[in-house]
Amino acid sequence: MSAPAESWRGVATEDTEELSAGAGVFLWARSRRLLRDLLRPHRRTLWLLLLTLLVQNVAWLAGPLLVGIGIDVAVPALVERSDAWPLVWVAGAMVAAALVDTALRYVFLTRSGRMGQAVLLALRRRVFTHVQRLPLSFHEKYTSGKTVSRLTSDVEALAELLDEGLDSLVTALFSVLTIGVVLMVLDPGLGAVALLGFPALFVVARWFQRHSTAAYRRTRETIAALIVQFTETFGGIRAVQAFRREPRNDELYAALNEDNRRAHHRAFWLIAVFIPAVTLIGNVVTVAVLGIGAWRVIGGGLAVGTLVSFLLYLRRFFDPLQDVAMFYNAYQSATAALEKLSGVLEERPTVPEPSDPVPLPRARGELVLDGVSFGYTDRTVLPELRLTVPAGQTVALVGATGAGKSTLARLVARFYDPVSGEVRLDGVPLHRLSDADLRRAVVMVTQESFLFSGTIADNIAFGRPEATREEVEAAARAIGAHGFIAALPEGYDTDVHRRGGRLSAGQRQLVSFARAFLADPAVLVLDEATSSLDVPSERLVQRALHTLLADRTALIIAHRLSTVEVADRVLVMESGRIVEDGTPADLVGGTGRFAGLHRAWADSLV
Amino acid sequence: MDDATPATAPRGKLSALARLWPFARPYRGLVTLTFGAALLATLAQLALPLVTAAVVDGPIAEGDRSGLLPLLGLALLFGVAEAALFFVRRWAMNRSCLQLERDLRDTLYQRLQRLPVGFHDRWGSGQLLSRATTDMSTIRRFVGFAAVFLVVNLVTCVVVLVLLLATYWPLGVAVAATTVPLTLLGMRWERRYNTESRRVQDQQGELTTDVEEAVQGIRVVKSLGRSGLVFDRYDAKATRLRSLELDKVRTLALLWCLFELHPQLTLAMILVGGSLAVSSGALTVGGLVAFIALFTVLLWPILSLGFLFAFAQETASACDRVGELLDAPLTVTDRPGATPAVVGTPARLRFEGVRFAYPGAAEPVLDGVDLDLRPGETVALVGATGSGKTTLTALVPRLYDVTGGRVTLDGTDVRDLPLAQLRSVVATAFEDATLFSMSVRENLALGRPDAGDDEVAEALRVAQAQFVHELPWGLDTRIGEQGLSLSGGQRQRLALARAVLGRPSVLVLDDPLSALDVHTEALVERALREVLAETTALVVAHRASTVLLADRVALLAGGRITAVGTHSELLAGVPAYRDLLAQDSELTEVTR
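As you go down the protein sequences, you meet chains A and B in turn.
Using this note's numbering, read the first sequence as starting at 48 and increasing by one per residue.
Using this note's numbering, read the second sequence as starting at 6 and increasing by one per residue.
The hints are simulated quantities; they were obtained by calculation from the structure and are not laboratory data.
The beta-carbon is built from N, C-alpha and C at its ideal position, and this holds for glycine as well.
One or more hints might be untrue.
[Stated by the list, open to error] With beta-carbon atoms standing in for the labels, derived distance ranges: (1) 581/B x 420/A: 25 to 31 Å; (2) 94/A x 481/B: 42 to 48 Å; (3) 181/B x 177/A: 55 to 61 Å; (4) 471/B x 316/A: 33 to 39 Å; (5) 615/A x 479/B: 38 to 44 Å; (6) 580/B x 642/A: 31 to 37 Å; (7) 466/A x 482/B: 35 to 41 Å.
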């Protein structure tokens with residue numbers, strides 16, 4: 048793959064199975080940049096932690112040295128001169144070192160834990176906010192399961208690194224460094240022997256690094272695939288069970304699960320080779336030191352105590368290297384997760400808020416579509432549309448599926464920006480409005496009435512969080528939802544359960560209607576918002592519409608022409624163009640398409 | 006059914022780990038190999054200090070350089086063996102723990118798929134997801150890493166203690182005595198840690214639910230401009246998670262420090278005690294060196310025990326959380342001895358005194374529904390919003406089970422039929438057209454993977470869903486999750502095509518045409534009539550046009566069927582029906 052760097056931006060690489068070396072380096076650098084970014088606010092804490100660890104390590108390392116002194120000085124003093132004082136001093140020093148070590152350890156663990164949690168919280172906030180800001184076009188191609196896996200399993204991979212990684216890395220590196228120095232001071236000859244192990248370690252580490260990056264990247268992908276399958280299955284469990292999809296799903300999930308196992312197996316296999324290799328190098332060096340040291344002790348060039356201390360230190364020298372290996376493991380896993388996260392973070396909100404918005408505190412609701420074109424990737428849906436809707440007018444959009452009605456609605460609600468031309472509200476282009484002003488002025492209700500977990504009152508108040516209970520109830524009354532809500536066991540405080548599972552589709556639609564009315568926008572866009580209502584409910588809603596739409600602009604898309612009849616003006620659309628435009632009465636009386644549609648609809652009423 | 010609600014129940018004893026045994030059983034060979042290799046590696050580790058002592062007391066004491074070589078050879082041998090055993094241990098461990106994780110996750114998924122819809126209504130899918138991912142990987146890491154070391158390190162401690170006792174027993178006894186306060190204090194903090202980690206895990210589930218909702222409800226959030234509110238909610242939960250995590254961190258730090266302090270103080274004690282013993286002649290210098298070298302082998306095992314026990318606690322509560330799902334009762338399942346019965350196409354569908362109440366609800370939704378659908382008949386079900394129409398339709402394929410009365414197919418209680426048979430003879434089109442992220446063809450053939458091309462084409466024709474041929478890859482086009490890239494009407498038509506595919510014995514259609522425009526609706530109706538002529542159908546209807554597809558209409562009100570008849574009969578004789586179905590005459594007047 049010799050694609051230019053642009054194609055690696057954002058989440059574009061996620062579906063690429065094999066990455067070129069260049070892309071791999073690019074991703075790796077990107078994820079490291081994110082990690083640096085996250086740690087930057089904690090620089091001071093990091094230095095403090097480093098200092099704590101340094102002192103703590105000195106205290107911890109004092110142990111073997113003191114034991115050596117004990118054997119070389121205190122024991123002879125006691126045996127030969129019956130002088131217990133050196134022993135008392137050495138033992139006292141050991142106890143003091145242990146206390147200092149433990150106290151600093153506590154400080155380190157709690158402080159680094161606090162820092163790690165702060166980093167995670169910052170990352171969670173950042174990704175969550177960013178995902179919320181990304182346009183619908185992103186969410187439509189990036190399944191929700193994948194987004195969920197980014198925000199859960201990938202963040203947790205970083206948590207693992209912060210929990211265990213920093214500690215083991217810093218401790219280990221310090222131990223290795225300080226012990227290395229102590230070894231050289233203790234006996235340069237033996238120290239040099241110990242250092243001979245390093246080139247071998249380096250080779251092994253390089254090998255591990257080269258292979259593990261790809262291996263861990265793969266594990267992040269397989270776990271995301273598992274999560275996608277999982278969320279879809281249980282999001283649509285009714286259909287799954289009703290259509291006996293379980294056995295096939297079992298197979299699919301088992302296959303993904305097996306992929307995930309293989310991916311992890313590959314990554315773990317690399318560690319299974321790496322860590323024993325480190326151990327082997329350590330053991331060979333230790334035996335060499337023992338041999339050479341013993342040889343020199345016999346020759347009188349070295350004290351026994353020094354050799355014993357040296358060997359004790361050597362043990363502490365190589366054990367932490369295993370920790371470094373484990374850290375590296377956590378690091379690779381976190382880096383792979385950060386690659387994915389940084390990809391999502393790099394996705395640009397293509398429908399961004401302006402940096403210097405034009406204030407529009409009170410919109411009147413005049414809409415102008417000025418030469419608006421829009422298309423999805425390959426086909427144009429709206430070519431050069433021109434339309435002016437005066438403030439307060441109720442416009443019905445009519446036309447067959449695919450005529451571009453929903454696209455028009457989405458442009459007015461600024462879910463997308465037009466490819467060319469402008470949508471203006473009260474003369475201000477939508478892309479020049481702050482999000483707060485825009486959403487206060489324009490609210491869209493779609494036919495999928497998503498309810499959030501919480502009570503019915505919470506869900507209605509979603510339209511205006513600061514609304515009082517009275518206002519919530521008034522909104523419900525206005526659109527005729529009060530009746531069924533009051534009949535529920537706990538009324539407005541009834542928990543709607545998961546995604547409103549307990550309410551019928553019609554009831555959910557009423558709740559989302561109440562939500563929009565409570566929001567009280569200047570422009571209301573209704574995209575098939577009454578499709579699941581029964582006739583009496585729809586009648587109530589329409590009666591409400593009569594009064595509620597009186598002083599606001601409305602754009603109504605409905606297949607039921609009964610809804611259309613509350614409109615001041617009807618637009619018939621075909622292939623993205625407006626082919627008829629007039630009052631309902633004029634159009635019904637005419638000979639155009641709307642007249643035909645209206646006849647067909649009237650016939651269907653029987 | 007208390008155990009089937011997502012309530013926080015911090016039980017978590019280490020005994021919960023026993024749950025894992027059935028999953029570990031198939032890999033007991035590998036597990037044994039893992040433990041064996043780990044123990045041998047530990048023993049090999051012990052060899053080095055012993056060889057060191059031998060070198061100090063032997064060649065060094067005697068100044069005998071020639072005696073050095075065999076001892077060094079021995080040390081090298083053990084050193085290589087240790088590394089080799091490490092490899093074997095890790096290799097075997099990887100195989101077993103990853104397979105165990107896979108099996109456990111498969112089992113969980115399969116179980117969840119078969120739990121009744123009522124269960125899924127109550128549980129946030131975020132809670133399910135966090136159990137299938139976070140808890141699973143906790144379990145895997147425990148089995149693959151901590152469990153082995155927990156055992157190995159405990160064994161190491163015991164073995165070294167025995168060696169210490171053998172080297173110089175008075176000092177050995179003293180070392181053993183120091184473990185008593187360690188254990189007591191450790192256990193106390195472990196218990197606290199356990200409660201705290203359970204809270205963290207539950208909070209992670211909550212947070213996952215929030216993430217899911219924020220992502221899946223993104224259109225609502227965006228159209229109302231409530232990103233701020235949604236973020237605040239998420240933030241409150243994420244902040245709470247942080248403070249719970251910090252509680253955990255503090256307890257873990259205490260534990261860690263306890264286990265770090267202990268060996269260092271003990272080492273000081275050994276030095277004092279050992280020196281006194283050397284001065285009294287009870288111990289050689291070489292003996293003291295060996296004693297100390299042996300004890301240093303214990304430094305890491307003791308230090309790690311604090312962490313490992315904490316990990317075991319965390320895993321125990323993960324096991325509890327997973328266990329809560331595995332233990333949830335399969336209430337909708339094949340009755341013992343359920344055998345396939347003869348169900349004709351079309352079949353006779355009868356509701357006899359059917360009652361249904363949602364769990365925890367005071368009032369039943371359905372309170373004695375009687376309705377008889379003759380083979381081949383189409384009955385429209387009409388009722389006010391929230392009258393229980395959808396609930397009634399869900400009883401036919403047993404998405405819920407009746408709480409009273411029965412539903413029969415050709416005289417057989419649906420609960421006496423095997424689920425597989427029942428759900429293959431009954432096909433449903435739901436009001437929310439659930440589509441999965443797979444090809445159009447797969448979505449259509451969901452219930453009938455063996456459907457032929459002509460059957461698929463026929464179903465598409467009936468549902469007027471030929472638009473799929475215009476998609477970029479036709480029937481092989483992968484449609485997004487929930488068919489997001491399709492319009493509501495298109496999704497609804499695909500869901501309808503799915504239901505009519507293969508001509509089921511009983512067809513349940515929940516407001517199947519609500520999202521269609523008048524023109525398409527008329528086309529679908531015409532084609533659908535052919536299908537309805539050959540099958541028994543229950544059609545939930547909000548519109549007169551849909552009602553006209555039916556031979557008879559049943560009016561559902563107050564949990565009962567209050568009227569049955571043809572559309573015109575009911576329109577003429579039942580005011581409540583007229584109220585529900587007569588189009589908005591008054592509004593129509595307004596513009597006419």
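Outcome of the hint check:
1. 581/B x 420/A: 25 to 31 Å: Roughly 51 Å apart at Cβ, these two residues miss the hinted range, so it is violated.
2. 94/A x 481/B: 42 to 48 Å: Distance hint for residue 94/A, residue 481/B is violated at roughly 58 Å.
3. 181/B x 177/A: 55 to 61 Å: Because 57 Å falls inside the window, the suggested range holds.
4. 471/B x 316/A: 33 to 39 Å: 51 Å, violated
5. 615/A x 479/B: 38 to 44 Å: 42 Å, holds
6. 580/B x 642/A: 31 to 37 Å: Check passed, 33 Å falls within 31 to 37 Å.
7. 466/A x 482/B: 35 to 41 Å: 24 Å, violated
Checked against the numbered hints above, the structure violates hints 1, 2, 4, 7; every other hint is satisfied.
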